[in-house]
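Read in the working numbering, the sequence shown has 78 at position 26, and its numbers run on one by one without any break.
It should be emphasised that the hints constitute simulated quantities derived from the structure, not laboratory data.
Hints are supplied without guarantee of correctness; some may be wrong.
Said to hold, decoys possible - Dumping the calculated DSBU-like pairs for lysine-lysine here, alpha-carbon to alpha-carbon at most 30 Å: (1) K132 - K114; (2) K100 - K114; (3) K132 - K100; (4) K154 - K85; (5) K100 - K85; (6) K114 - K154; (7) K114 - K85; (8) K132 - K154; (9) K100 - K154; (10) K132 - K85.
All values derive from a computational prediction rather than experimental measurement.
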Amino acid sequence: MADSDALQLIAEEFVRSLPERMDGVDAAYLALKQDSSNSDSMNDLYHKVHNLAGSSGTFGFKQFSDLARTILNILEPAIKGEVQLDDQIVSSVGPPLGELVKEAASPVQIEDWL
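Start from the sequences, fold in the hints, and give me the full structure.
In structure tokens form, the structure reads like this:
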């Protein structure tokens, strides 16, 4: 199997797993909205989005990766302990997360990524 074939198989698996991954991100965000002081929920959301940002970036899905990185940038000061996570920060995650959900629901041609 050529490297490009292997990469295509991995990309296809990523696309197939995207709905489940987005469900996990959505659940983590809802948990954080319910209790913005819960650092476990914040860490869970951050790591789920971080994994999406890295994977999508690997396959050249720039817009998706950029949206995910926007969310990471919003959460990062709280993750690092530079600021206290509050409802305002959590609410500011909503718009880019909504765009990320839309982007994830868009039809994707693997060939467009590779």
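Hint check:
no.	hint	verdict
1	K132 - K114	holds, 25 Å
2	K100 - K114	holds, 17 Å
3	K132 - K100	holds, 17 Å
4	K154 - K85	holds, 20 Å
5	K100 - K85	holds, 16 Å
6	K114 - K154	holds, 14 Å
7	K114 - K85	holds, 27 Å
8	K132 - K154	holds, 29 Å
9	K100 - K154	holds, 17 Å
10	K132 - K85	holds, 19 Å
Violated hints for the displayed structure: none, as all numbered hints are satisfied.
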